[in-house]
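Peer 1: Chain residues, written in single-letter form:
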Amino acid sequence: MKSWFFLLLACAACTAGDDTASGARARCAEGGALNDCPDSARTPQAACWRLVDCGAIAISSGDPSNNFDWGDCVDRIEGSIAVAQTLIINCIAASSCDALRVQGSPNDPNRDQMACFHLGGR
Amino acid sequence: MRGILVTACVVLAVLAGRAHAQPADVPALIKLVETQPADMDRSVWKEKRRDAAKKLATSKDKRAVPVLMKLAEAETFDIIGEISIEGLGNLGDQSAVPTLQKIAGDTSRDKSQRDLARKALAKLGATAEVPPDKGTGSGSGGTGLETSAGGGGGSGSGSETGGGNGSAETHAGGGTGSHILDSGPGVGAKTSTELPPGPDLSDDTLAAYDRLTIAGGTASFGYDTARKRLDFEADVAGLYQRRLEREGSAFGADIGAHVVTGFINPPGRAQSRGAQIDANADGEARFYTGSVYGVGKVAASLQIDYIADVDPMNANNDFRETTSLADLGVALGAGFGRVLDVGAAIRVRRLSRTLDAARALGKPIDAATSKKLQITWWSLRGESSTYRALVATVAILREAGILLGEPDSGLAFEILNVLRDSQLFVRPSGFDVQAVFAEDYLRRPQGLIDQGFENGRVEQLVASAGYGQQMNDDKVELAGTAFARLRLFAGDTGGNPNPSPWAVGANGHFTRFTYGDHGDPLGAFDLTGTVQLSTDDRMGTDKALRLAGELGFTMLFNQVSGMRLAAQIAEDQGTLVIGAQLKATYGLLDGTFAK
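Same order as they appear, the protein sequences are chains P and Y.
The numbering used here numbers the first residue of the first sequence as 1 and each following residue consecutively.
The numbering used here numbers the first residue of the second sequence as 1 and each following residue consecutively.
This is chain Y alone, in the form it adopts within the complex (with noise of 0.2 Å):
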């Protein structure tokens, strides 16, 4: 019986190592790779024909060696070209080596190609350079051969490459310089463009931002024949943001101007003209010993109002007024964590799964990839059309090796659908807490001071809280603002103690971002929830506390139709407020024919 067993294991294991090395059928093989099947779907070809050129650089079978050289030279823009290219130095075939050569010193190839193939030649015992004697002139699959003739031996050829696809290359100064994008593979006709410069950000930056917003507002003049009334207002807004988190400290700064003006003049006396202009600016700086920093501010404001309103019947009730307030504050204080904006890596996790669910993500995106895409990004930022936006990511991903293939249309429309997100802008993540002391000097109308209220020097103890997480593959946000301040050194006032107002308050919102399979962004739900306890510490006012909450669904039915519909509700010593507001415009893309 025992023997019996071994006699059967013997030969299960010979039949097995048999099964093991059989060899594969190389005609099979190349006719796979040749011709796509008619009964197979294009994307499951590409599939198969790439097993295919694994098995066939794997089966040391010398009819391999022109199929694999073609592909090496044709295939620039599918994971085929350097598995070809890979498998032309495993079969140690010396008649791919001029084919080797033209790659290893072809500009316009993937950088990681024509690496892989300065390893074949390296395989066959040869270099990358071309013999100045032999000149080139070979090429297939109609791909002219680069020329690299020299000595005045050899004959040049013209250069021609990527066989239909296109190409792209993308040169960056170190992450951080200036972009030549030669071309965009597969997404539209070459072009040859400088990119704007991106900001040059050490290794050791956390994030950074740069904002400038130039908000139009409302902006009206009319004039109604029928009541004979002339109006026009504007409100025009401007805010520039800048902030850089390193390892070792943060920089902040916000600048921002506003300007809001109007004119009504209807029939007869009646009239009322106006202007009200706001500047801002505001600093910050820390410094870091692990998570635990100190934290310094700065902050200055400027309000001028000028409000004439002439009463239509009685001079005397005529209102003209014209007053300014101005503010200087510093604050010092101390504080541990920090939340950063993380909607650009964001965007960068969404393209990852993008091409993943595609099956053409060649590895992960490495951190230094991850970098170029977003300061490319940021360079691009002023741009009306996303086009140099997608072309450039389309040429970084390819030149890491990250995108396998030239990326068809449905892939194409995808990428662009995450370049243009507008869902990822201001995404938090982290946990930040500080307290400071603040030293203010103010400067109010003397109707103000007649009523007690804060003017010259005031002393305050500020704290303030934020998180964000961004959870579930970042379609789902939480986040959250806490503050609280107390006024310090309030004093007496002959004999009457001054106001010493406190507040407390805290903000959290939850949002569940959705979309489409194609990464249309769907909408969002959104629920807010806000407490608020404070006291002005004057006669007349007590402590009072708000609890108010925000339930809302805004859903984007396509690039003309979207709807928002919220609910409030807010109470606040004993007053129920309950609110409900829909948004919704719709409207039908146009269908048209012309012959």
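Only chain P is shown next, with the shape it has when bound in the complex (with noise of 0.2 Å):
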């Protein structure tokens, strides 16, 4: 079993308002394969945390504009079936970060672009 006692996603921006936050990238997010990081954990949370790494989504969009960041993606995960679900985290865990970028990324990506997310259905 298991499950997710609770999730709190607070956006707290230092910066004014509604700035976007693009998020710290990790090691793989540039360079090739000697830069390589390992698979993320099999959950939608930690995936959604490796498109931020890679710099494919921002942490955090500002809200207004609605841009896809790391909260919709959780969202967009949980939201799907389970063989769904398990497609698309598994895509991501295993993608390298250069294959995960698409037009806009990070801070206005063009989600009908994620492959992952299409592996997933609609």
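All the pointers check out, no bait thrown in.
Ranges of calculated distance between the beta carbons of each label pair, as one might list FRET restraints:
1. P:Asn110 <-> Y:Glu247: 50 to 60 Å
2. P:Ala46 <-> Y:Asp41: 52 to 62 Å
3. P:Arg111 <-> Y:Gly268: 21 to 31 Å
4. P:Ala46 <-> Y:Ile449: 27 to 37 Å
5. Y:Ser249 <-> P:Asn110: 41 to 51 Å
6. Y:Ala567 <-> P:Asn110: 27 to 37 Å
One side only, chain P facing chain Y, incomplete, derived with CB under 10 Å:
7. Gly23
8. Ala94
9. Arg101
Derived by calculation from the structure, the hints in this document are not laboratory data.
Model, not experiment: these values are computed from the prediction.
Heads up, the beta-carbon is just placed ideally off N, CA and C, and yes, glycines get one too.
Make one complex out of these two single chains by using the hints.
Peer 2: This is the structure we're talking about:
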């Protein structure tokens, strides 16, 4: 049995109001195979952190524009059917960072181009 | 007054001398050796019995000879056997010669016992060779005598050793070749099995590993009759890792492949299918001068994605994409120190502590025996059962004279716990720091190139560090890693400078492993902290700092029950994420009875 007790996502922007916070990058965000990162854990949260680590999405979009950010990513995965969740998480976990980036990454990513989400269907 | 004091001192000295020279109560000692007192615990008796044998061995009393001969022959698994063999040499009685010759020539006995018998024979002025005209035919305690009849003059006899305890012997080809395991003392029925060959590790090898992991991941296939939906998904990965650390050099290589594939087909037009295939390989070579080293690295990867997602309503919204990404990189640099995986060495140390606690450790486990044990475990890593590892471990420890006596059921269980301890994999120790200049060639899809992401030749400076320390009888681990990377020579494109991203980060963790009274792993408490600072150096992004931590507790209740409770917190650019995770399974092992 595995369950998330609670998940609290609070956007307490230190900077002005609705600025986008793109988030810090991991070692594997740039530089190719020499900087490879291990696969991420198989949870929606860990998969979405990998997208932030890679510069594919922002940690917080600042809401008004409703750009696809970490919170939207977790919602998108958890709102999918079980098999789709598994496919999306596994796809993100195993991808290289460059394969996860799309047009507009990280602040305004074109979610229609995010291949791993398409693998989970619509 | 002075005269009285002198007299008193003389009287005391005489009394002390008499007390010291008082002969041992040989009949009482013999009785103690042969019969366990009714009011004495067996383990206590075994200790006292050994002490009694030591006293008999130094008693100079001929009445001790028959009982020591009997012990020397029958006690092949208890240190009392060695005490008796040595004692027979000290007592100087020639009647012990045939018994000692038999032991010296008995290849089913430990080498240390045979060597002791040869030394005892030398003290008696005899050799280990049985004269051809004498033959042999005596035995005691129901133990037959190994035949050594030669020249047609002697009488043969059946051979049987061990006095019902079984016997054990391993023949290790220099500690690295294949082993022949004849039997397992006290831990099961006899078996005669050739162990798989272990690695050939030279004497200057500091550490080595060879890991093959094939992860089935998840795989499912289902058909929902209510919604008429067919779905399938699979996640399969394989990874081979090999590394050899020597005093003057180190070589490592990793080769991996990963496939994620799926198919979802609900009613109607909608359908999604796809596959992601990753393959990667990397290698590293280091050459040391003292703790300083030069390092060369190479890495390559290939990722191919095929995704097709059919819109249920509008064909114009269908998504189909096939992309491929390829990387090839080489790096040269220098560093200091090294971090070794010392998990197998910790297993040896745990084994030593287990034997010591059970008062069964005859002497410390030396480097040669430690190496032999680890190579044996390595050779048996593919076994689904720990049986042969247990049998081989006991045999090696007995042969080296480290394990005193046959392990009883309690000690055998504790040894088994050490051999099965999954908390001993990947336990780092040491410090390592390195900096390399890297030249990569990246092949990226046009879409990424159009957005200014790196493609073609990329130069970068990469620094990394690692640390590991095992403390508190190896129950506490402190470890960490750090990295830094900087894109170099980004250059201009049409007057626009290319991004020159950089990032630094560090990760540290503290783990406290817990065990039960008999070595059962009970779980671990862990604390992890991470800090990352970076910039993409692109429009719309800025420097970002992330601080993250996790506090977790894993507890194993029994073989089918366990729990992990973890709390995470991360702060990144003013965004705070707090989470908690509970993972638990609980089950009662069946209690059953049948008549």
